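Fit chain E to the given chain P structure using the hints.
2 protein chains.
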Amino acid sequence: MKSTIITIGDEILIGQILDTNSRYLSQQLNAAGIVVFERTSIGDSAESITETLDRALSQSDIVILTGGLGPTKDDITKHTLARYFHSDMRYDEREAEHICAMLARRGIAFNELNRSQAMVPERCTVLHNAHGTAPGMWFEQEGKVVVSLPGVPFEMVHLMEDEVMPRLKKRFELRQIVHRTLITSGIAESILAERIAEWEDALPEEMHLAYLPAPNIVRLRLSAYEVDGASESRRIEHEFAKLYNIIPDHIVGYEDATVEQLLHALLIERGERLSVAESCTGGRIASLFTAQAGASAYFMCGAVTYSNDSKCRVLGVSEDDIRAFGAVSEQVACQMAEGVRRISGADYGISTTGIAGPSGGSPEKPVGTVWIGISTPQRTFAVRRDCGTDRSQIVSRASAYAISMLYNEIR
Amino acid sequence: MKSTIITIGDEILIGQILDTNSRYLSQQLNAAGIVVFERTSIGDSAESITETLDRALSQSDIVILTGGLGPTKDDITKHTLARYFHSDMRYDEREAEHICAMLARRGIAFNELNRSQAMVPERCTVLHNAHGTAPGMWFEQEGKVVVSLPGVPFEMVHLMEDEVMPRLKKRFELRQIVHRTLITSGIAESILAERIAEWEDALPEEMHLAYLPAPNIVRLRLSAYEVDGASESRRIEHEFAKLYNIIPDHIVGYEDATVEQLLHALLIERGERLSVAESCTGGRIASLFTAQAGASAYFMCGAVTYSNDSKCRVLGVSEDDIRAFGAVSEQVACQMAEGVRRISGADYGISTTGIAGPSGGSPEKPVGTVWIGISTPQRTFAVRRDCGTDRSQIVSRASAYAISMLYNEIR
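Residue numbers (the numbering used here), protein chains in the order written: chain P, 3 to 413; chain E, 3 to 413.
Each hint should be verified, as a subset may be incorrect.
Copies of the same chain look alike in the list, so a pair counts if it works inside one copy or between any two.
What the hints assert, rightly or not - Here are the computed lysine-lysine pairs in the DSBU-like style, where the Cα-Cα straight-line distance is at most 30 Å: (1) Lys244 x Lys367; (2) Lys146 x Lys172; (3) Lys75 x Lys172; (4) Lys244 x Lys75; (5) Lys4 x Lys75; (6) Lys172 x Lys367; (7) Lys244 x Lys172.
Don't read these hints as lab results, they were simulated from the structure. These figures come from a predicted structure and were not determined experimentally.
Chain P extracted, bound-state conformation (with noise of 0.2 Å):
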């Protein structure tokens, strides 16, 4: 089963926003068996949206839609796909109690343009959207579906889970999608490559082999698509069985898993508990933990220590040796780790502290300079990165780097 994705809006295609709708229905098809076949962005155009859907059904037999379904009138979504199915508008009563419900909470009074939102192509399924203004649509035409929903992500996402998914599942005899991932560390893309080579070559012809480089990892990903589920995978454990003898070393994890989960899985089962101390990195460190379900159990507590008063105050780093060493120092940031650590009462402390740019640097050290420190029960060091030029890559890379560095210290 084959289905094709379109977002649509003018703040897609200059740039304004970032379309994560895309990646979410990617997912959510993906899981149920049904293959992205194309994904396409276009502007708020009666005639893009026109051809982009008549390619789409010519090729697929899924089409969903996102955006254009606002009250104001640079949303012509609706108004375009009740042409496309030859289909005149209804006033839907139902609709029009729950927006002015809805509105009526935000102490807001139904005007015209919500009335609107009430009209409906009679051809197609209403489907309520329990969390906004606008219903989301199903249209079925010669056996293949197009599903219209608001571009508003939290909206859109209930719309999927609660009516588009059930029906689809319903509607199509689903076979299943297959995806497996390996994680390796500490070896090259090209090295790996040539490694694994025999083995690549070896793989039965419906497992697709992908790699996916990211720092310090690279993923491999096996997929199969519209098979059976259960004996898929199978298949694929005993295919990563064979390479786990190959490079029984370098292989970390398994499936999406991102350093920081690893490293909560392992803390959890440890039962130790982690704190942390962040200059140059603002809080990243700290929330890529606290993202995650469960962090209560093992995060203490994170200190953004920003100036060098705080530093000294909240962490009691000394300020002689900011005076001597400077902030950025190897002194300053084991200082860092193992204070926040002390204050915290935890197993582990980790610390940043780096020039973030762009300004700031100097030639011994330039922006993108960090000292990460790290402290556990059983020795407190810390290790100097060059983290890249760029001031959100400089976070970025200096996060991964400092997380990465205590699941090694650990593991």
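Coordinates of chain E only, in the frame set by chain P:
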């Protein structure tokens, strides 16, 4: 001048990665006056690449592709393009040396796969990738340009800035695209549309108005394509001035500023300082501020006090109050905001304490309940907000509410 963006990779279509390249490319092309007509994501399939390229060249003057240039077998973009442009391959000595040097720095030997990365189509201009091992390619045919770039975001960005944009500006005579955005707050989208309907109807024909709603704000964007940038900007400013007279109290900013950017500017202007104490937002608020260059002028310290113990130890929250009212309470939110302000010596303190889920909720305090505390030299108070049901959404919403609350309090 029209363009199409094509991103290639099965990992995009299955939703394994978020396609951020398309957004970046959209922004760059737009800023140079090149209209992005369509964006498409396809899999690593020669047939898909060829068909999509055919279509893109029929509708656009410039086509930018990313992805599929790695050294492994799943990367087929280069050979597909060579066939598309009927070109033989040649070995590029300069690229080979560069790849060899890059690998040497990481202690990796140059192998057969790396050798294949130095092979390039004869018909293309090689775009040197200073930050990676896969060179970019520039093809021309019948007055149109096709550019192929690696999918690694960092490498792609440098190639665009250093190689592609300068060449496009030299190659084509480009007009300008103007987008100007005005930010409104405290007025619902449908009410806003009603209030400004007359103004909207009287807009000059070349200006397109878009409504972009987000929590607590609605952005209004006026766009004009392929115009004289300076005179069009003045015309838009003239329209914004008229709009100001219609909704003077609801205009809070211009362009794509987020509330944290508005607050960043406000604090720097006033020479005042901020500290943050976070529980359920886990460092997100600190990282939103510190992501901005220059934040060290006002950002003193962030405390991610996830455990009750650290709330008491680090911030001086009363243990008795945690027992009596719970960690998620008005009292604790106030003491956290006040505490972080006191220990850091800042002018303002923000705090969050809530239930991010999925577990930990109760009938009185369901998942999503967040108390947000604000402490200023004048007063300390806290407000309870319902931030939804999904963990990541709760963190985002609570952070957005907290930052807006302080912004409105100061303003």
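Compare the structure with the hints numbered earlier in the document and write down the numbers of the violated ones, lowest to highest. 1, 3, 6, 7
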